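Engineer: With the hints as your guide, set chain B onto chain A.
2 protein chains.
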Amino acid sequence: MAILSIDFGGTRTRAAWFSHGLNMQARDEAPTPVGQPPSAVIARVIEIARQVVPPGQKPAAIGLCAPGPQAATGLILHAPTLPGWDRIPLAQIVADAFDAPVFMENDANLAALAEYHLGAARGANPALYLTVSTGIGGGAVINGALFTGWRGLAIEPGHIKFPLPDGRIRSLEDLASGTAIGRRAKERLAEGDQPSALRNCAVVDGRTVGLAAAQGDALALDVIAEAGRWLGLGLVCLMHLFNPQAIVIGGSVANLGDLIFNPVREIIAAHLTDPAFNDPDLIRAARLGDDVCLIGAAFYARARSEV
Amino acid sequence: MAILSIDFGGTRTRAAWFSHGLNMQARDEAPTPVGQPPSAVIARVIEIARQVVPPGQKPAAIGLCAPGPQAATGLILHAPTLPGWDRIPLAQIVADAFDAPVFMENDANLAALAEYHLGAARGANPALYLTVSTGIGGGAVINGALFTGWRGLAIEPGHIKFPLPDGRIRSLEDLASGTAIGRRAKERLAEGDQPSALRNCAVVDGRTVGLAAAQGDALALDVIAEAGRWLGLGLVCLMHLFNPQAIVIGGSVANLGDLIFNPVREIIAAHLTDPAFNDPDLIRAARLGDDVCLIGAAFYARARSEV
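One line per chain: the protein sequences are A and B, in this order. Quick note on numbering: my numbering labels position 34 of the first sequence as 34, and the sequence is numbered without any gaps. Quick note on numbering: my numbering labels position 54 of the second sequence as 54, and the sequence is numbered without any gaps.
Just to be clear, a hint being listed does not mean it is correct.
[Stated by the list, open to error] Derived, one-sided and incomplete: chain A residues facing chain B with beta-carbon distance under 10 Å:
no.: 1; residue: S19
no.: 2; residue: A145
no.: 3; residue: R151
no.: 4; residue: W230
no.: 5; residue: A246
no.: 6; residue: I267
no.: 7; residue: L282
[To be verified] Cβ pair distances, simulated, as ranges:
no.: 8; chain 1: A; residue 1: D279; chain 2: B; residue 2: A43; range: 31 to 39 Å
no.: 9; chain 1: A; residue 1: D96; chain 2: B; residue 2: N262; range: 44 to 52 Å
no.: 10; chain 1: B; residue 1: A225; chain 2: A; residue 2: Q36; range: 12 to 20 Å
no.: 11; chain 1: B; residue 1: G192; chain 2: A; residue 2: D193; range: 35 to 43 Å
no.: 12; chain 1: A; residue 1: T73; chain 2: B; residue 2: A190; range: 51 to 59 Å
no.: 13; chain 1: A; residue 1: G216; chain 2: B; residue 2: D86; range: 40 to 48 Å
no.: 14; chain 1: B; residue 1: P37; chain 2: A; residue 2: D290; range: 21 to 29 Å
Calculated from the structure, these hints are not laboratory results. All values reported here derive from a predicted model rather than from experimental measurement. Glycine is no exception: its CB is placed at the ideal position from the N, C-alpha and C atoms.
Extracted from the complex, chain A is given alone in its bound form (with noise of 0.2 Å):
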């Protein structure tokens, strides 16, 4: 009754072998063929992770984590990472290669199930997880269990929409992920002549405007400022719509410590309606690493195969 776990992401890609009590047994990775068309891609995704099934064994059923919003039918409608990738069946194209069910879902939601059971937001109860890196992703856990709503789409929130002060109408994911980061440093930069380390930089994105701000680079800090009070406005949203017992937040820009969550913290204390959504242990950092996506897909593939 061992369990096949696949982390199929949009850098890297991870498989493991779990025994039926979890137990991580065999793991292995390699970076993700984005450039190639995705029967590429996937037949590589394929390739690596029979690494780490162990000589004639099968699994009993198939964990698999990949980006963006899913419809409960196993496609990946689209995701930012993946450009090119319209409804491919993933899911039914990994059960044919190992002969094998297979559960997939968004990385973030098998994250917070991960960070549920084994890490950051134990026992919460809704416990929400969002993950602020290259775009930002979202997953809820509700009375015990992933909640997806009706067709597997919730929650996406790097798609709560704000409007800016010219009329434009942007979603979370492009005023607060690592990549919006980058962006509107290089933006800042093209607009004016404020003095910048970043000035001297070959690659400006989310990672050295981070490294910047942690220099004290003032035009760096004002940015992932900007970042945080985006941020800290989406989290208003979900603490009024969810009542959380915690959010749990990981990904790159969750690094950046104080210097994202200290205008998270002043949004959120100028914005809710009642101090009675809010609670000092509410807001936690992750606590499960690189491999919260396999563990949590270990997770979800034991439960829905057993249902």
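Structural biologist: Quick look at chain B alone, frame taken from chain A:
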């Protein structure tokens, strides 16, 4: 095993006596004396409720509907229709008056439950309910049960926050409720000299703006379309977060029909990440009318008292 149901509203208080099978056997209503201090208001609410209790009988349970977000402990935290009320232990006072257990909930939550069991959202999962009138309230039914979050404060879609072009941050309730429509029309009348039938109205409020718009008044139509765009942005947020099967919309603003729903639909069409989040049958008009909260409160009290 009869149930007393009380709908304590900012304008009127309604009470009904239900059989265990939820047949309404007596009903009364009267204005809520909102100008008076909380103790006098509560005494009057209890007096109205006593009218429907048959002589010599005692309710097995009391369902109590009240405005605003409420702690699971039965406190009213605050409500736009009840200025000056702050953490009033209404549930306990009513329980003492009738010597029966009280199950108190927010008006929109109970309306959600009633529309789910008997109205426009029958069988939908998740089912969301929004009331758009003086304020904006909401409720969610997930897997057939009322979803109220950690401390009983979910869901409050009226408190989704949006930034305005001038940098101020405002609640959806301040942008799209009937109160907001009236206020915005007054601002527009004061700002310029655009001709409008509203200049001849003694009272400019949500109701009179709606009447003027129905006659084709351009200023009134503009103000309602603007409120509709904000409401649409709020619904986009709810759709991406909950992936609901139905959103039932009640309240006086919903009665404006296409005047408000056309701009709502335009914003939804323009800003959903994927059409799979939508459905022709997703947004529905409320069906249960003025007694929706009495019915929801009776349902709720019966379910909770039998756990």
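Engineer: All the hints need checking, so say for each whether the structure fits it.
Structural biologist: Hints and how they fare:
1. S19: violated (31 Å)
2. A145: For A145 (chain A), the interface hint holds, since the closest Cβ of chain B sits about 9 Å away, which is under 10 Å.
3. R151: Constraint on R151 (chain A) satisfied, holds at 6 Å.
4. W230: holds (9 Å)
5. A246: A246 (chain A) check passes; min Cβ-Cβ to chain B is 9 Å, inside 10 Å.
6. I267: holds (8 Å)
7. L282: Where the cut-off is 10 Å and the nearest Cβ of chain B is about 9 Å from L282 (chain A), the hint holds.
8. A:D279 to B:A43: 31 to 39 Å: holds (35 Å)
9. A:D96 to B:N262: 44 to 52 Å: Between D96 (chain A) and N262 (chain B), where Cβ atoms are some 46 Å apart, the hint holds.
10. B:A225 to A:Q36: 12 to 20 Å: With Cβ atoms ~47 Å apart, the hint is violated.
11. B:G192 to A:D193: 35 to 43 Å: 40 Å Cβ-Cβ, so the 35 to 43 Å window holds.
12. A:T73 to B:A190: 51 to 59 Å: holds (54 Å)
13. A:G216 to B:D86: 40 to 48 Å: Cβ of G216 (chain A) to Cβ of D86 (chain B): about 44 Å, so the range 40 to 48 Å holds.
14. B:P37 to A:D290: 21 to 29 Å: The hinted range 21 to 29 Å is violated for P37 (chain B) and D290 (chain A), with Cβ atoms some 59 Å apart.
Consistency note: the structure conflicts with the earlier hints numbered 1, 10 and 14.
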